[in-house]
Amino acid sequence: MPHATTLIVILVLFSAALIGVLVARPGITATRGGKILAFLVLFFLPILCGAMGVSSEMDRSKTTAFCLSCHTMEPWGHSLHIDDPNHIPAAHFQNHRVAANEACYTCHTDYAMFGTLKVKLAGLRHVYIYYLGTPPAPEKIKLYEPYNNRECLHCHAGARSFEEGATHTADPATLPAIRANTLSCLSSGCHDVVHDIAHLKEAKLWKETK
Amino acid sequence: MENVALLEKRLQVAGTLLILGLVIEALCLLWAKPITFVLFVAVGGVLLFAGVAVYLYSVVSTPRS
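Each protein sequence line maps, in turn, to chains L and C. Per the working numbering, the first sequence starts with residue 1, numbered consecutively. Per the working numbering, the second sequence starts with residue 1, numbered consecutively.
The hints are simulated quantities; they were obtained by calculation from the structure and are not laboratory data. On a predicted model such as this, the values are computed, not experimentally measured, just so you know. Incorrect hints may have been included.
Unchecked claim - In silico DSSO-like links for lysine-lysine, alpha-carbon gap of 27 angstroms or less: (1) L:K118 <-> C:K33; (2) L:K201 <-> L:K140; (3) L:K118 <-> L:K140; (4) C:K33 <-> L:K120; (5) L:K140 <-> C:K33; (6) C:K9 <-> L:K35; (7) L:K120 <-> L:K140; (8) L:K118 <-> L:K62; (9) L:K207 <-> C:K33; (10) L:K142 <-> C:K33; (11) L:K142 <-> L:K204; (12) C:K9 <-> L:K62.
What the hints assert, rightly or not - Here are the computed distance ranges between Cβ atoms for each label pair: (13) L:E139 <-> C:V23: 38 to 44 angstroms; (14) C:T16 <-> L:Y130: 31 to 37 angstroms; (15) C:P63 <-> L:L132: 45 to 51 angstroms; (16) L:T6 <-> C:A5: 38 to 44 angstroms; (17) L:F39 <-> C:A5: 16 to 22 angstroms; (18) L:T6 <-> C:K9: 48 to 54 angstroms; (19) C:A5 <-> L:L48: 25 to 31 angstroms; (20) C:N3 <-> L:Y144: 29 to 35 angstroms; (21) C:P63 <-> L:L37: 18 to 24 angstroms; (22) L:A17 <-> C:P63: 52 to 58 angstroms; (23) L:Y111 <-> C:L27: 31 to 37 angstroms; (24) C:V23 <-> L:A177: 53 to 59 angstroms; (25) C:T16 <-> L:L143: 22 to 28 angstroms.
Said to hold, decoys possible - Stretches of chain L that chain C covers, calculated by requiring three or more beta carbons in the stretch to come under 8 angstroms of a beta carbon on chain C: (26) 2-11; (27) 15-28; (28) 42-51; (29) 63-77; (30) 122-133.
C-beta atoms are modelled at their ideal positions from N, C-alpha and C, and glycine is treated no differently.
Working from the sequences, and respecting the hints, build out all of it.
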């Protein structure tokens, strides 16, 4: 557990203990000092704890380990270790083109206004389906919406390899079409090998050296 | 005297809700699982909100004795 989370847990338990004192002896709120204490303990500290906790939970929900903690997501996590540079998620993960500890979130968030909120709501839908619905088999999991080039361009736009790449510049219409999201980066013949779960068993996997 | 007892009773209710909410939040922070994220927000958050609301209500609604 990260140190920051440990400190928040300690603060939360300390606050609960102070509230416990107030619940056991409510008479102490009769004095001016008691009223100030009650305000701090029953208003300020719970809001502080709640805000810090939400911030911690939001950060943690972006981690690769968090996404892969659901059994259904295990094959998708394994696909990040496929030893094939044409496999887009694996190449990004293994070469740290995305932060390895936030690999899922970096590519699957929505880089638009309220994007983080949107993906958290989608995450709640995943949880609902996982616990109360019928989760599909891993190889049948699909995105709710087609993958938007915006997520790729968040990092690649402006990069020399993207702007001056031979394939991207061969036809002058290609780059504008990619930017307008009318030509998907994942189009057939382009970067089309993504999370190949169906062939995961036959794939050679990269072993991380630590 | 009755007002003081009423205020103290309401503060105890607020405190109990807050303790429950904080304990749930502390437990949820110990595990990094999607279900704990939901419990943190849906149960812990609601209890904290209710506790603070009861506290504020008790402060503004209890007449001075």
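query: What are the numbers of the hints that this structure violates, sorted from low to high?
result: 12, 18, 20, 22, 25
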